[in-house]
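Numbers given in the numbering used here equal positions in the sequence shown, counted from 1, plus 251.
Computed list of lysine-lysine pairs in BS3-like fashion (alpha-carbon distance at most 25 angstroms, straight line):
| no. | residue 1 | residue 2 |
| --- | --- | --- |
| 1 | K633 | K589 |
| 2 | K421 | K462 |
| 3 | K545 | K577 |
| 4 | K545 | K535 |
| 5 | K258 | K494 |
| 6 | K459 | K271 |
| 7 | K685 | K664 |
| 8 | K589 | K438 |
| 9 | K658 | K494 |
| 10 | K271 | K438 |
| 11 | K421 | K459 |
| 12 | K438 | K630 |
| 13 | K258 | K545 |
| 14 | K494 | K689 |
| 15 | K442 | K589 |
| 16 | K633 | K258 |
| 17 | K658 | K633 |
| 18 | K589 | K630 |
| 19 | K535 | K513 |
| 20 | K577 | K438 |
| 21 | K442 | K633 |
| 22 | K442 | K664 |
| 23 | K664 | K491 |
| 24 | K664 | K494 |
| 25 | K491 | K658 |
| 26 | K633 | K664 |
| 27 | K442 | K630 |
| 28 | K438 | K462 |
| 29 | K630 | K658 |
| 30 | K491 | K258 |
| 31 | K689 | K491 |
Derived by calculation from the structure, the hints in this document are not laboratory data.
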Amino acid sequence: MPYTPRKAYVVGVGMTKFDKPRGERDYPELGLEASVKALIDAGLTYDQVETAAVGYCYGDSTCGQRALYQLGMTGIPIVNVNNNCSTGSSAFAFAANAIQSGQAECALALGFEKMAAGSLGSAWDDRAQPMEGTMTQLFEIEGDKEYEVDDFGPFAARIFGAAGQEYCEKYGATWDHIAAISAKNHKHSVKNPYAQFRISPSSADVAKARKITREVTLPMCSPTSDGGAAAIVCSEEFVKAHKLEDRAIELAGLGIATDSVKLYEDKSRIELAGADMSRRAAQKAYQQAGITAKDVQVIELHDCFAPNELVTYPALGLCAEGEAHKIVENGDNTYGGKWVVNPSGGLESKGHPLGATGIGMIAYMALQLRNEAGDLQVKDVKHALTHNIGLGGSCVVTVLKKAPFYKEGSHCKDRFGYDFAREERRMTQEELDKVRSKHFSDYLPPSVPESKL
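The whole structure should be built from the sequences, with the hints applied where relevant.
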């Protein structure tokens with residue numbers, strides 16, 4: 252008989268502010284704060300966590316252990332994950348799989364990043380780069396164009412900018428549509444206290460800003476960021492045993508995909524930006540959830556660069572190929588439209604600490620479904636979707652909904668003592684002591700000094 256996985260439920264979420272890399276906070280502090288907040292939201296201690304998956308891209312081999320040992324050296328499995336920009340959601344999927352497979356009743360998904368300022372780069376110059384094939388393909392495709400193949404700009408921005416340019420050439424859209432997407436996301440972030448940027452440039456401001464590539468301007472780009480995010484995932488039995496029905500959000504669908512041969516066979520700049528893996532991951536997630544895109548109300552979409560939001564609309568089934576710019580024209584990607592896409596401000600505004608991004612998306616959507624998203628709240632949310640990609644390639648799409656046994660109860664402000672969605676605060680020593688292991692705290696490694704809490 253075919254195997255039917257158990258259902259997994261998100262019962263606690265936590266985040267730090269996503270901020271400009273300044274060297275002020277190290278990853279153990281970012282990871283600890285996000286985990287503490289998720290445990291407080293769930294009303295649990297670290298003793299109840301049976302396994303953890305930790306995502307980060309920039310760091311040594313056991314940074315997850317370094318961060319979580321501060322909560323107690325309980326001996327649980329801790330697995331570290333690196334999957335480029337989809338690292339956070341890959342860690343979340345790992346934690347969810349532990350629940351679905353019956354290996355654990357309660358799991359922690361954690362992601363964090365301490366990044367260097369400026370464009371993304373590799374720490375290695377003595378080995379093959381994972382993106383060699385994609386960049387070579389881009390040079391080959393653009394070699395016949397009137398512009399030079401050695402055009403300026405960081406490689407990731409060039410790939411997504413080229414995808415946007417192909418969409419405009421094929422379907423009659425303009426870069427004004429892409430500028431409008433960027434302006435929309437920045438406008439959303441003004442109400443997000445966790446966002447790196449809280450400014451609202453107009454579409455015209457976005458269009459005339461400094462060029463980063465041939466087409467992409469600075470406000471269309473996600474910044475490098477420091478930050479952390481965490482989620483507690485558990486089984487239905489665990490939810491009911493600990494009376495967590497008032498915060499249980501079901502993982503209704505989970506789709507994971509890597510690149511297919513379309514990446515190279517189609518000679519398409521849109522495909523080089525990961526459209527096919529987005530397409531297939533979304534199809535899997537919708538099928539598991541038993542819904543279509545029409546049943547979704549709110550989406551956190553991987554807008555590392557504004558052109559990617561445009562080319563991803565059809566990949567997620569929001570429209571037919573070639574009609575993505577009509578969603579922009581009709582205002583169907585913001586409050587009052589068919590969907591609210593990136594109410595958080597998206598990667599362009601809220602920031603993009605690679606390891607934290609995907610789990611941060613889960614956190615925002617869990618709050619939306621619990622009607623606890625504060626000033627970002629979308630009306631009547633039944634299904635929420637997250638989309639997180641990493642070139643090279645990895646894509647994770649989730650569909651979330653309230654658990655069928657969900658019961659209205661406490662609000663996150665009851666658990667935190669303040670409205671978590673409307674006010675960003677750093678963790679306190681009291682909060683750390685509340686959730687730290689009660690049975691394995693005889694020895695703890697050096698933690699964040701109380702003076703910094």
